[in-house]
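S.K.: So the chains spell out like this:
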Amino acid sequence: MKDFLKVSPLKILEGSTYQELGRGNLGVLMARAGLGKTSFLINIAFDKLFREEKLVHISLKDVPEKVTSYYNVIFSDLVRVLNIEDEYEVRALIDKNRIILAYLKESFDLTRLRENLNNLVKEIDFTPDTLIVDGLDFAETGRELFEGFRRIAQEFQVEIWFSALSHRHIAEANERGIPFPCNNLDDLFSLIIELSSTPSGVFLELLKDHDRERVLDAVVRLDPDNFLAMQQ
Amino acid sequence: MDQQEKEIVLSSASNDPLVSLAFKLEVTPYGQLTYLRIYQGSIEKGHDLVNTRTRKRIRVGRLVRMHADEMEDIPEAGAGDIVALFGVDCFSGDTLTDGRLNYTMTSIFVPEPVIFLTISPKDNPSSTRMVKALNRFVREDPTFRSQVDQESSQTIISGMGELHLEIYVERMKREFGADVDTGIPQVAYREAISRRAEFNYTHKKQTGGAGQYGRVAGYMEPSGGSNYEFINQVKGGVIPTEFISAVDKGFQSCLKKGLLIGFPVMRLRITVNDGQHHQVDSSERAFTQAAIGAFKQAYLRAKPVILEPIMKVSVECPSEFQGNVMSSINQRRGLIMSSAEDGVFTAIEADVPLAEMFGYATTLRSLTQGKGEFGMEFSRYAKVPESTEEELKLKYKERARRGAA
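Quick note, the sequences are listed as chains A and B, same order.
Under the numbering used here, the first residue of the first sequence is numbered 1, with each subsequent residue one higher.
Under the numbering used here, the first residue of the second sequence is numbered 1001, with each subsequent residue one higher.
No lab work stands behind these hints: they were computed from the structure.
Heads up, a few of these hints could be off.
[As the list claims (entries may be wrong)] Simulated pairs of lysine-lysine, DSS-like, Cα-Cα distance not exceeding 25 angstroms:
#1 B/Lys1056 to B/Lys1132
#2 A/Lys54 to B/Lys1312
#3 B/Lys1256 to B/Lys1303
#4 B/Lys1205 to B/Lys1296
#5 B/Lys1383 to A/Lys96
#6 B/Lys1383 to B/Lys1397
#7 A/Lys96 to B/Lys1312
#8 B/Lys1312 to A/Lys122
#9 B/Lys1371 to A/Lys122
#10 A/Lys96 to A/Lys61
#11 B/Lys1383 to B/Lys1312
#12 B/Lys1383 to A/Lys54
#13 B/Lys1312 to A/Lys66
Nothing here was measured: the structure is a model prediction, and the numbers come from that model.
Produce the entire structure from the sequences given, and follow the hints as far as they go.
M.R.: Okay, structure coming up:
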């Protein structure tokens, strides 16, 4: 699956400090409603799965069937775009290395997540490398929860990716240029990426790169049909 | 059916020719009750219906509308109605018309059985009752099958799961008074080749009496989706056109029993691209035999593997037992796909080989203090692990040895 790595949206990290988020760290994608946050997260998931890493997708709003169908739709696009011939084998690899944990009816809390991750590690020998957290409302979530996520990332030695909804009508940003709703949380995140849509296309921009004070001018243009990085 | 199975949109008008579907059969003290949905046209008491599958005419004797377990006799019913008829000889899924149209409704998808067990009547009266019960069940439920194994003369029933068959055995006793002994449930394995292999086989018998001659050449390879495909690439009439279907038939006859462990063969594509015939000695039979020989010649070279049914298992339990349940699935070679919780209960979805699911209800009860439950449905066939493959091959050899002895 080397072909995917050429078009992975994580190409944005090629010029970054470590070229990855790294274990024990949190990363977030910010975008306005409807721009494709879930698609981006799932493309990150495929980036990890195609490297044969283990992944847990945590959904706080959708049932597992819906999450699976998101994966299936995006995977079907990948099969077409990348001419994947051994589709069934790749699908089996994805099923083997991905587990979906859904917390419905506001049942999510960090204690349950920690228990569930412990169950995966101890009971079925599934040690994740990455967690994807989709559906967390950043505007309504306190700082303590993200501090808890950071502890989990360090305890389980995983990297955790989130998506955050930004708003056109809230122009608030901190002195480092990080906009709402991450303006008061940016010290907890190692990578912050912004997804934006302009008349000339859909772009990813790196807003925070670990401890680097001046972020390189890293921008990747995405294909609006499949959210894959367009080859230069 | 007269227009090469062209798709037709029905009008749902009551004055158009009748098209209706028998979707459920039920045994009542008054005989077989057939539930029918009318899609187009109307049914009147005393009129005739035609079963599209058998082309048999049926007289509508009693027409009823069901209200739970109460029946209301009605003189006629129109498009959109669900009604029931008494004394109609048909299967679930049959299309009934008034004879003016030769239409058939799209049949429901019927998966292949994944589990089977042998049954034998405990005494003589039970024997007749068992046959009667099986005939009834096969009509009612297209996923339930019954057959007599020609080699062992045993009756084998097959279906979609352990519980599915248990229910029919229980119904045989309760509704038909047939006491039966059951064997151990067996998994319906399949065989499939894993690589391409060439064949070039000549069937030749030209000594004494009428001769037989046919040569078949080509290759077999795994087919992507379909269970069996036959591709004819013969050029120049080296196998005359009239014998091509005999070649196809020969290969198809080999699918029933694979050479690895004697289970049916699936996902096979046969391409025939060369051959030879004899002006006098070639016949359909000779080419069928040549195809069977060609299959035997190439099959083991095509590295067949054993496939087992994988079930989509869904377990619901209080969240505190999530770890125990996951562990029990993992021990059964299961692959956990997801876990969803709502604060109190957790639903775990997993893909588990059917062979590992026997007795799981008891295990789950003890793991969850009786608070967990599970359901499963057939998902797909997948290759068995090497250790299981060796075990199955040994069992097959042992059976074959005993059969030959």
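S.K.: Hint by hint, say whether it matches the structure.
M.R.: Status of the hints after comparison with the structure:
Straight-line distance between C-alpha atoms of B/Lys1056 and B/Lys1132 comes to about 22 angstroms, which keeps the hinted pair within the 25 angstroms bound. With a CA separation close to 21 angstroms, the supplied pair A/Lys54 and B/Lys1312 stays within the 25 angstroms bound. Restraint check: the Cα-Cα separation between B/Lys1256 and B/Lys1303 comes to about 18 angstroms, which is no more than 25 angstroms; the hinted pair holds. Simply put, B/Lys1205 and B/Lys1296 have alpha-carbon atoms about 18 angstroms apart, close enough for the 25 angstroms limit, and the pair holds.
A threshold of 25 angstroms between alpha carbons decides the hint, and for B/Lys1383 with A/Lys96 the separation of about 15 angstroms falls inside it, so the pair holds. Distance check on the hinted pair: B/Lys1383 and B/Lys1397 sit about 20 angstroms apart at the alpha-carbon level, within 25 angstroms; holds. Proximity of A/Lys96 to B/Lys1312 is assessed by CA-CA distance (about 14 angstroms); at most 25 angstroms being required, the pair is judged to hold. The hinted pair formed by B/Lys1312 and A/Lys122 meets the criterion: a straight-line CA distance of about 23 angstroms does not exceed 25 angstroms.
With a C-alpha separation of about 23 angstroms, the suggested pairing of B/Lys1371 with A/Lys122 holds against the 25 angstroms cut-off. Only pairs whose Cα atoms come within 25 angstroms are accepted, and A/Lys96 paired with A/Lys61 is accepted, the gap being roughly 23 angstroms. A hinted pair counts as satisfied when its Cα atoms are at most 25 angstroms apart, and B/Lys1383 with B/Lys1312 qualifies at roughly 16 angstroms. The hinted pair formed by B/Lys1383 and A/Lys54 meets the criterion: a straight-line CA distance of about 23 angstroms does not exceed 25 angstroms.
For the hint linking B/Lys1312 to A/Lys66, the alpha-carbon distance of about 16 angstroms falls within 25 angstroms, and the restraint holds.
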